[in-house]
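Student: If you want the building blocks of each chain, they are given just below.
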Amino acid sequence: GENVEQHPSTLSVQEGDSAVIKCTYSDSASNYFPWYKQELGKRPQLIIDIRSNVGEKKDQRIAVTLNKTAKHFSLHITETQPEDSAVYFCAASYQKLVFGTGTRLLVSP
Amino acid sequence: EAGVVQSPRYKIIEKKQPVAFWCNPISGHNTLYWYRQNLGQGPELLIRYENEEAVDDSQLPKDRFSAERLKGVDSTLKIQPAELGDSAVYLCASSSTGNTIYFGEGSWLTVV
Numbered sequence: 023g024e025n026v027e028q029h030p031s032t033l034s035v036q037e038g039d040s041a042v043i044k045c046t047y048s049d050s051a052s053n054y055f056p057w058y059k060q061e062l063g064k065r066p067q068l069i070i071d072i073r074s075n076v077g078e079k080k081d082q083r084i085a086v087t088l089n090k091t092a093k094h095f096s097l098h099i100t101e102t103q104p105e106d107s108a109v110y111f112c113a114a115s116y117q118k119l120v121f122g123t124g125t126r127l128l129v130s131p
Numbered sequence: 003e004a005g006v007v008q009s010p011r012y013k014i015i016e017k018k019q020p021v022a023f024w025c026n027p028i029s030g031h032n033t034l035y036w037y038r039q040n041l042g043q044g045p046e047l048l049i050r051y052e053n054e055e056a057v058d059d060s061q062l063p064k065d066r067f068s069a070e071r072l073k074g075v076d077s078t079l080k081i082q083p084a085e086l087g088d089s090a091v092y093l094c095a096s097s098s099t100g101n102t103i104y105f106g107e108g109s110w111l112t113v114v
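Top line first, the protein sequences correspond to chains A and B. Residue numbers for the first sequence follow this note's numbering, so the first one is 23 and each next one is one higher. Residue numbers for the second sequence follow this note's numbering, so the first one is 3 and each next one is one higher.
Everything labelled a hint here was simulated from the structure, so no lab data went into it. Since we're looking at a predicted model, the values are computed, not measured. Yeah, the Cβ is synthetic: ideal placement off N, Cα and C, and Gly gets one too. Treat the hints with care, as some may be off.
Claimed, not checked - Pairs of lysine to any residue, SDA-like flavour, derived with a Cα cap of 25 Å:
{"no.": "1", "chain 1": "A", "residue 1": "Lys79", "chain 2": "B", "residue 2": "Thr99"}
{"no.": "2", "chain 1": "B", "residue 1": "Lys13", "chain 2": "A", "residue 2": "Glu61"}
{"no.": "3", "chain 1": "A", "residue 1": "Lys118", "chain 2": "B", "residue 2": "Glu55"}
{"no.": "4", "chain 1": "A", "residue 1": "Lys90", "chain 2": "B", "residue 2": "Thr99"}
{"no.": "5", "chain 1": "A", "residue 1": "Lys80", "chain 2": "B", "residue 2": "Gly30"}
{"no.": "6", "chain 1": "A", "residue 1": "Lys64", "chain 2": "B", "residue 2": "Thr112"}
{"no.": "7", "chain 1": "A", "residue 1": "Lys64", "chain 2": "B", "residue 2": "Leu86"}
{"no.": "8", "chain 1": "A", "residue 1": "Lys64", "chain 2": "B", "residue 2": "Lys13"}
{"no.": "9", "chain 1": "A", "residue 1": "Lys80", "chain 2": "B", "residue 2": "Ser97"}
{"no.": "10", "chain 1": "A", "residue 1": "Lys64", "chain 2": "B", "residue 2": "Asn26"}
{"no.": "11", "chain 1": "A", "residue 1": "Lys118", "chain 2": "B", "residue 2": "Arg66"}
{"no.": "12", "chain 1": "A", "residue 1": "Lys79", "chain 2": "B", "residue 2": "Val91"}
{"no.": "13", "chain 1": "A", "residue 1": "Lys64", "chain 2": "B", "residue 2": "Tyr12"}
{"no.": "14", "chain 1": "A", "residue 1": "Lys64", "chain 2": "B", "residue 2": "Gly5"}
{"no.": "15", "chain 1": "A", "residue 1": "Lys118", "chain 2": "B", "residue 2": "Ile81"}
{"no.": "16", "chain 1": "A", "residue 1": "Lys118", "chain 2": "B", "residue 2": "Lys13"}
{"no.": "17", "chain 1": "A", "residue 1": "Lys64", "chain 2": "B", "residue 2": "Gln61"}
{"no.": "18", "chain 1": "A", "residue 1": "Lys93", "chain 2": "A", "residue 2": "Asn25"}
{"no.": "19", "chain 1": "A", "residue 1": "Lys64", "chain 2": "B", "residue 2": "Thr78"}
{"no.": "20", "chain 1": "A", "residue 1": "Lys44", "chain 2": "B", "residue 2": "Ala4"}
{"no.": "21", "chain 1": "A", "residue 1": "Lys44", "chain 2": "B", "residue 2": "Glu46"}
{"no.": "22", "chain 1": "A", "residue 1": "Lys118", "chain 2": "B", "residue 2": "Trp24"}
{"no.": "23", "chain 1": "A", "residue 1": "Lys64", "chain 2": "B", "residue 2": "Gly30"}
{"no.": "24", "chain 1": "A", "residue 1": "Lys64", "chain 2": "B", "residue 2": "Ala4"}
{"no.": "25", "chain 1": "A", "residue 1": "Lys64", "chain 2": "B", "residue 2": "Val91"}
{"no.": "26", "chain 1": "A", "residue 1": "Lys64", "chain 2": "B", "residue 2": "Ile81"}
{"no.": "27", "chain 1": "A", "residue 1": "Lys118", "chain 2": "B", "residue 2": "Asp58"}
{"no.": "28", "chain 1": "A", "residue 1": "Lys79", "chain 2": "B", "residue 2": "Arg66"}
As the list claims (entries may be wrong) - Under 10 Å between C-beta atoms, here's a sample of chain A residues computed to sit facing chain B:
{"no.": "29", "residue": "Lys44"}
{"no.": "30", "residue": "Gln67"}
{"no.": "31", "residue": "Gly124"}
Same shape as in the complex, but just chain A:
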């Protein structure tokens, strides 16, 4: 089955800096890659997703890139703000969504 690895587990940045979170997946059949943001005690919320027919997608300060050959995908957050602080999960899906272990992002003012 699918296995998703996510790095780093913790990421601390200063406000205004960029943050990058990387994931790798094992199942070459996976074709859907969403990213979820989860604040403490809250539900995971989709922030951006990408399908395997696209290499890059951007939504304001957030972008995701996908390298199907290497089975890597990454989340890029530019101009980080304190409210970006949360746990971010990547996931990969063919028939079943499998999550990474999460990255705790801390943005300091």
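Fit chain B to the known structure of chain A by using the hints.
Tutor: Same frame as chain A, now just chain B:
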């Protein structure tokens, strides 16, 4: 549009007791999921329904866990008897075919 609704939000029970969680998915979503999230980890799928059919329950511990989705809408997840290791957040989610998965707020279970 109402989101995925779950109840109860919090439950504390003694080990060996039963517990049940209820989920009402987003209207029109034919796919319903139950995930378990342990502290500091990502959600793990327990069971996935397409309408009223359980199409993936490979990760559901069937000796103590059961689920149903009567009429293909609401769903319940039951644990009987509960063990200490079952303490976790139980997340219900729903989607329309091939589209984004939306999560509920979760049911926080503590087994003492």
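Student: All hints, please: hold or fail.
Tutor: Hints and how they fare:
1. Proximity of A:Lys79 to B:Thr99 is assessed by CA-CA distance (about 22 Å); at most 25 Å being required, the pair is judged to hold.
2. Of the supplied pair hints, the one linking B:Lys13 and A:Glu61 holds, its CA atoms being roughly 21 Å apart against a limit of 25 Å.
3. A threshold of 25 Å between alpha carbons decides the hint, and for A:Lys118 with B:Glu55 the separation of about 15 Å falls inside it, so the pair holds.
4. For the proposed pair A:Lys90 and B:Thr99, the alpha carbon gap of about 23 Å is at most 25 Å, so the pair holds.
5. For the given pair, A:Lys80 sits about 29 Å from B:Gly30 by alpha-carbon distance, which is inconsistent with the 25 Å threshold.
6. Between the alpha carbons of A:Lys64 and B:Thr112 the distance comes to roughly 17 Å, so the proposed pair stays at or under 25 Å and holds.
7. Pair hint A:Lys64 plus B:Leu86 holds up; C-alpha atoms about 23 Å apart against a cutoff of 25 Å.
8. Proximity of A:Lys64 to B:Lys13 is assessed by CA-CA distance (about 16 Å); at most 25 Å being required, the pair is judged to hold.
9. Pair hint A:Lys80 plus B:Ser97 holds up; C-alpha atoms about 23 Å apart against a cutoff of 25 Å.
10. Taking the CA atoms of A:Lys64 and B:Asn26, the gap is near 17 Å; set against the 25 Å cutoff, the hint holds.
11. Distance hint between A:Lys118 and B:Arg66 is fulfilled; the C-alpha atoms sit about 23 Å from each other, no more than 25 Å.
12. Between A:Lys79 and B:Val91 the alpha-carbon distance is near 31 Å, which puts this suggested pair outside the 25 Å criterion.
13. Distance check on the hinted pair: A:Lys64 and B:Tyr12 sit about 13 Å apart at the alpha-carbon level, within 25 Å; holds.
14. Using a Cα cut-off of 25 Å, the hinted pair A:Lys64 and B:Gly5 holds, with the two alpha carbons roughly 13 Å apart.
15. Between A:Lys118 and B:Ile81, the direct Cα distance comes to roughly 23 Å. Compliance with the 25 Å bound is thereby established for this hinted pair.
16. Note on A:Lys118 and B:Lys13: the hinted pairing is violated, with a Cα-Cα distance of about 28 Å set against a maximum of 25 Å.
17. At roughly 24 Å between alpha-carbon atoms, A:Lys64 and B:Gln61 fall within 25 Å of each other, so this suggested pair holds.
18. Restraint check for A:Lys93 and A:Asn25: satisfied, since their Cα atoms lie roughly 11 Å apart, inside the 25 Å limit.
19. Our distance criterion of 25 Å between C-alpha atoms is met by A:Lys64 and B:Thr78, whose separation comes to about 21 Å.
20. For the proposed pair A:Lys44 and B:Ala4, the alpha carbon gap of about 33 Å is over 25 Å, so the pair is violated.
21. For the hint pairing A:Lys44 with B:Glu46, the CA-to-CA distance comes to about 20 Å; that is within 25 Å, so the pair holds.
22. Taken as a hint, the A:Lys118 and B:Trp24 pair is honoured in the structure, with Cα atoms around 22 Å apart against an allowance of 25 Å.
23. Restraint check: the Cα-Cα separation between A:Lys64 and B:Gly30 comes to about 24 Å, which is no more than 25 Å; the hinted pair holds.
24. For the given pair, A:Lys64 sits about 16 Å from B:Ala4 by alpha-carbon distance, which is consistent with the 25 Å threshold.
25. Only pairs whose Cα atoms come within 25 Å are accepted, and A:Lys64 paired with B:Val91 is accepted, the gap being roughly 11 Å.
26. The straight-line distance between the Cα atoms of A:Lys64 and B:Ile81 is roughly 23 Å, inside the 25 Å bound, and the hint therefore holds.
27. Proposed proximity of A:Lys118 and B:Asp58 is supported: the alpha carbons are some 9 Å apart, at most 25 Å.
28. Of the pairs offered as hints, the one joining A:Lys79 and B:Arg66 is violated, with about 43 Å between alpha carbons and a cut-off of 25 Å exceeded.
29. Restraint check, A:Lys44 versus chain B: the minimum CB separation of about 15 Å is more than 10 Å; hint violated.
30. This hint holds: A:Gln67 has a C-beta 7 Å from the nearest C-beta of chain B, less than the 10 Å allowed.
31. Given hint, A:Gly124 at the interface with chain B, holds; its Cβ is 5 Å from that chain's nearest Cβ, closer than 10 Å.
Comparing the model with each numbered hint stated earlier shows that hints 5, 12, 16, 20, 28, 29 do not hold.
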